[in-house]
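Asks: Here is what each chain is made of, one letter per residue.
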Amino acid sequence: MNWKRAGLLTLFVGGPLIALLSYGMTRDPRSIPSPLPGRDAPVFSRVVFAPGNDGVLRLPVGDTVRLAAHRGHVVVVNFWASWCLACRDEHQDLSAVARQYGPRGVRFFGLLYNDQPDNGIQWIAQMGGQAYPALEDPGARAAIDYGLYGVPETFVVDQRGSVAHKFVGPVRPGELGALLDSLLKANPAASNPLPSDAPLVRTLPSGSKP
Amino acid sequence: MMHRMREFRATATRMTVIVASVLTMCTAESVTAFVSKLEAQSTPAVSVAPLPGVDTILDARAKAVASRLRCPVCQGESIQDSPAELAAQMKSLVREQIASGRSEAQVFDYFTAKYGQWILLEPKPEGINLLVYWLPVVFLVVGGGGIAIAVKRWTRPKPLDTLPTGVAANAVATPSVSANAVSPPSL
Numbered sequence: 001m002n003w004k005r006a007g008l009l010t011l012f013v014g015g016p017l018i019a020l021l022s023y024g025m026t027r028d029p030r031s032i033p034s035p036l037p038g039r040d041a042p043v044f045s046r047v048v049f050a051p052g053n054d055g056v057l058r059l060p061v062g063d064t065v066r067l068a069a070h071r072g073h074v075v076v077v078n079f080w081a082s083w084c085l086a087c088r089d090e091h092q093d094l095s096a097v098a099r100q101y102g103p104r105g106v107r108f109f110g111l112l113y114n115d116q117p118d119n120g121i122q123w124i125a126q127m128g129g130q131a132y133p134a135l136e137d138p139g140a141r142a143a144i145d146y147g148l149y150g151v152p153e154t155f156v157v158d159q160r161g162s163v164a165h166k167f168v169g170p171v172r173p174g175e176l177g178a179l180l181d182s183l184l185k186a187n188p189a190a191s192n193p194l195p196s197d198a199p200l201v202r203t204l205p206s207g208s209k210p
Numbered sequence: 001m002m003h004r005m006r007e008f009r010a011t012a013t014r015m016t017v018i019v020a021s022v023l024t025m026c027t028a029e030s031v032t033a034f035v036s037k038l039e040a041q042s043t044p045a046v047s048v049a050p051l052p053g054v055d056t057i058l059d060a061r062a063k064a065v066a067s068r069l070r071c072p073v074c075q076g077e078s079i080q081d082s083p084a085e086l087a088a089q090m091k092s093l094v095r096e097q098i099a100s101g102r103s104e105a106q107v108f109d110y111f112t113a114k115y116g117q118w119i120l121l122e123p124k125p126e127g128i129n130l131l132v133y134w135l136p137v138v139f140l141v142v143g144g145g146g147i148a149i150a151v152k153r154w155t156r157p158k159p160l161d162t163l164p165t166g167v168a169a170n171a172v173a174t175p176s177v178s179a180n181a182v183s184p185p186s187l
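If you read the protein sequences in the order shown, they are chains A and B.
Residue numbers 1 to 210, in the working numbering, belong to the letters of the first sequence in order.
Residue numbers 1 to 187, in the working numbering, belong to the letters of the second sequence in order.
Same shape as in the complex, but just chain A (with noise of 0.2 Å):
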């Protein structure tokens, strides 16, 4: 075998095993690619462990939260856990978005992800509060529904209820805000502001515990 020869085996086996190997490091290997995004979003039927804060949406402790009663509504789906370190770094993004656009009819909530509602609780008191109710998981049976793979993960439902976007890891406010604009424009008449369906304020009823 001559050099010329040598030379070209190696450029027609190596150049693409090179080129393959050079793909795969753009890849993040962790990233699992999520399915959900124009499909309908799965629906849940949860139990509120934390009310939220006056002002935004405020519903009772142990208040059943189902996602289709807010079909007509942009929903943002927010997964998280007290033991999550990047959660607390969105927390206040999140709230600050959420007082933003919850005045204009797009409904946030927390679901607790593989974790103690008493933790959870602590860790709201701990941040200052949360501007939007927290949800119980139990079993990460709405987490398996909407194939999530870590915390913080966050899902936008559109008015039609289907899932527009995903975000994985801390939420990025910029871009959560441009999305909601854009979902609210799209379809203005459903984004009525003060709902029929619920009172977008509702106070405790006194002694109320799950």
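A couple of the hints might just be wrong.
Stated by the list, open to error - Short, incomplete list of chain B residues facing chain A, as computed with Cβ under 7 Å:
(1) P72
(2) E85
(3) M90
(4) K114
(5) Y115
(6) W118
(7) N129
The set of hints was computed from the structure by calculation and includes no laboratory data.
The beta-carbon is built from N, C-alpha and C at its ideal position, and this holds for glycine as well.
Since chain A is already given, all that's left is putting chain B on it; use the hints.
Replies: Positioned in the frame of chain A, the structure of chain B alone reads:
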């Protein structure tokens, strides 16, 4: 010389066998995976034990499904093998769905709808995934053929004028070869 040639040919054949068997070992895993998949498709997992209780059947079916689903929070592990909390929750969900009368295919469809094809430890043999199943076979055939041709070329007696002078001089010494050989220019 002929004797030495025969010996070399035998060594070459042995080498081919070794290389071929190494190649086969490399591809054997994917081939057995493919075959076991075909078997798994053709025979229902229920027929594991002769007369087991309903729970045993359900457990066996759930286990078979769980061991073919990838754990999302682990590295290349099935939810059956993983000790992670999410894996345990997914396992119980598999068991529940099987118990509620869903077929294996329906459970796989459920998880594929949530996590995509990523969740399947064995890719479905369709579309681009077929490469995973057939490329090893193609490599085996092409590689084996290449090696066979190369070995044939190495063992073929070379025309003497192309041999280096030392070898040619040596070859001249044996009468059987020198009979039809052109005398090298160095002599």
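Asks: None of the hints should be skipped; say for each whether it holds.
Replies: Verification of the supplied hints:
1. The interface hint given for B:P72 is met, as the beta carbon of that residue sits about 4 Å from the closest beta carbon of chain A, less than 7 Å.
2. For B:E85, the interface hint holds, since its Cβ comes within 7 Å of a Cβ in chain A; the closest pair sits about 5 Å apart.
3. At about 6 Å, the closest approach between the beta carbon of B:M90 and any beta carbon in chain A falls short of 7 Å, and the interface hint on this residue holds.
4. Because the beta carbon of B:K114 sits about 4 Å from the nearest beta carbon in chain A, less than 7 Å, this interface hint is met.
5. About 5 Å separates the beta-carbon of B:Y115 from the nearest beta-carbon of chain A, less than 7 Å, and the hint is met.
6. For B:W118, the interface hint holds, since its Cβ comes within 7 Å of a Cβ in chain A; the closest pair sits about 5 Å apart.
7. Checking B:N129 against chain A: minimum C-beta separation of about 15 Å lies over 7 Å; hint violated.
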